[in-house]
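Protein chains: 2
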Amino acid sequence: MKKHYFLLILFLMAHLSTQAQQIKTQLVEYKEGTTTLEGFMAYDASKKGKRPAVLVVHEWTGINDYTKKRCEQLAQMGYVAFAADIYGKGIRPQSSQQAGAEAGKYKNNVPLLRSRVAAALAQLKKQPNVDASKVAAIGYCFGGTTVLELARSGADVAGVVSFHGGLGTPNPADAANIKAKVLVAHGAVDPFVPKAELDGFLKEMNDANVDYQFIAYSNAVHSFTNPEAGNDNSKGAAYNAAADRRSWEAMKQFFAEIFK
Amino acid sequence: MKKHYFLLILFLMAHLSTQAQQIKTQLVEYKEGTTTLEGFMAYDASKKGKRPAVLVVHEWTGINDYTKKRCEQLAQMGYVAFAADIYGKGIRPQSSQQAGAEAGKYKNNVPLLRSRVAAALAQLKKQPNVDASKVAAIGYCFGGTTVLELARSGADVAGVVSFHGGLGTPNPADAANIKAKVLVAHGAVDPFVPKAELDGFLKEMNDANVDYQFIAYSNAVHSFTNPEAGNDNSKGAAYNAAADRRSWEAMKQFFAEIFK
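Going down the list, the protein sequences come from chains A and B.
Read in order, the letters of the first sequence correspond to residues 1 to 260 in full-length UniProt numbering.
Read in order, the letters of the second sequence correspond to residues 1 to 260 in full-length UniProt numbering.
If you're looking for bench data, these hints aren't it; they were derived computationally from the structure.
All values derive from a computational prediction rather than experimental measurement.
It is possible that part of the hints are untrue.
It does not matter which identical chain is used: a pair holds within one copy or between any two.
Pairs of lysine-lysine, DSSO-like flavour, derived with a Cα cap of 30 Å [to be verified]: (1) 235 <-> 179; (2) 24 <-> 203; (3) 252 <-> 203; (4) 68 <-> 89; (5) 203 <-> 68; (6) 235 <-> 24; (7) 24 <-> 126; (8) 69 <-> 50; (9) 126 <-> 105; (10) 260 <-> 126; (11) 31 <-> 68; (12) 68 <-> 48.
Model the full structure from these sequences, guided by the hints.
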């Protein structure tokens, strides 16, 4: 008898989940000052009404297929997802050298970085299908650093999640501004985040009494969520399937808490 | 229409979950060498067949109501839960001084500690309702230290979870024996785990290439999962509701992975 109920539930849930979704994606132009930026929006068009939303900040490459795939995954989970464009329309580095140079402009100019990500957040919040009280920001590598700076700016977001982001900041005292809950998903052997930087970050968060969770994933180096990063840890950046899956689950648990 | 399906699912799920459970608890005598130990077993007697199991290792107080409550929670989740008795039948410290003295005996005699926890694990694994290939061990404070030593002994367990456990060991090289996946839920400002001990633990795990996850919870000190610990962080041990809830969820996610 129990088994019959169970099968009926599975049938109904399968029915519900296949019936509905219509994931729409579109490029969206918006401005920061006089600069034109081009973000990427994904949402389930079959879903009615306002809903929680997630800002997604790209790696040092700028918006690419990986960024878009994450937005689509989030849309399938019921969120409005919007990939911020930090660099500007058409600025999509094609090599590590170009990416490093472009990311460097913003790492060396944190006020500009904060303005760029704030413009994306404002763009997302004004969407008619977004519940502006339930917005999170997530980011990868450079984007992880960016969402932490968004939090330090005092932005009104429910939570931020950094995946293998750099944890340093020129303005550690700004942690006092943080209103968001913070989740940091970190590769335990990421050579791009020196121990002093990590220790400094944890001290910064503790001193400012920020509501944070820090998770270190074993055997994970930089870029551990991105299959494009290959599988050679000795390069300092590589995909790690277990850390990818676990950190995505941790993010879901975090969202369940901050959006309830 | 969708809403009707949804309500029907909720109704059926509620029906399933209330229909069934019969949580049974019992004291269980077992031996380590010539010493008699008395553990505490909890399981759902309405559930048929073998199932995953969780060994629970007590704080420095020995088995108490808190330990039993955790076992009952795990039984409600469908596991066979068994509280190990490290100290021996009738040895239940009634003061911090007594607890410290008792815990010290085992911290200073890690071979004995490992034998005691191994005896409890064997007792659990031989239960007819336990799937011996799906057993985890969790522990609190002293018990966290204990389940890490269980892992370092090379025990055949799918995973171990330490909640605010001490992370030091006299035998860091034994990390090479670890077969279990490891989850460490740590209070970010726990004064009972010095930074050198934490750094040493992470290095130990990294050097031995252990599959681990380390989570630090902000504003959490020692005993953060135990409501009995009060709410004064300045005492070094205190309850933290957010860290308790989050670490329990992290454990569930960990179990979902290791028991699948």
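Evaluated hints:
Proximity of residue 235 and residue 179 under a CA criterion of 30 Å is satisfied inter-copy only: 27 Å between copies versus 36 Å inside one chain copy. Taking the shortest Cα distances, residue 24 and residue 203 never come within 30 Å of each other, neither inside one copy (42 Å) nor across copies (46 Å). Taking the closest pair of Cα atoms, residue 252 and residue 203 come within 30 Å of each other both inside a single copy (26 Å) and across two copies (29 Å). Proximity of residue 68 to residue 89 under the C-alpha cut-off of 30 Å is restricted to the intra-copy arrangement: shortest distance 15 Å within a copy versus 60 Å between copies.
Taking identical chains as interchangeable, the C-alpha atoms of residue 203 and residue 68 are never at most 30 Å apart, the minima being 34 Å within one chain and 36 Å between chains. In this homomeric assembly, residue 235 and residue 24 never come within 30 Å of each other (Cα to Cα): the closest approach is 36 Å inside a single copy and 53 Å across copies. Taking identical chains as interchangeable, the C-alpha atoms of residue 24 and residue 126 lie at most 30 Å apart only when both belong to the same chain, with a minimum of 18 Å there against 54 Å between chains. Taking the shortest alpha-carbon separations for residue 69 and residue 50, only the intra-copy value of 22 Å comes in at or below 30 Å, while the best inter-copy value is 40 Å.
In this homomeric assembly, residue 126 and residue 105 come within 30 Å of each other (Cα to Cα) only inside a single copy, at 28 Å, whereas the closest approach across copies is 62 Å. In this assembly of identical chains, the alpha carbons of residue 260 and residue 126 lie at most 30 Å apart only when taken from the same copy (21 Å versus 42 Å across copies). Taking the closest pair of Cα atoms, residue 31 and residue 68 come within 30 Å of each other only inside a single copy of the chain (20 Å); across copies the shortest separation is 58 Å, beyond that limit. Proximity of residue 68 and residue 48 under a CA criterion of 30 Å is satisfied intra-copy only: 22 Å inside one chain copy versus 46 Å between copies.
In summary, the numbered hints that this structure violates are 2, 5, 6.
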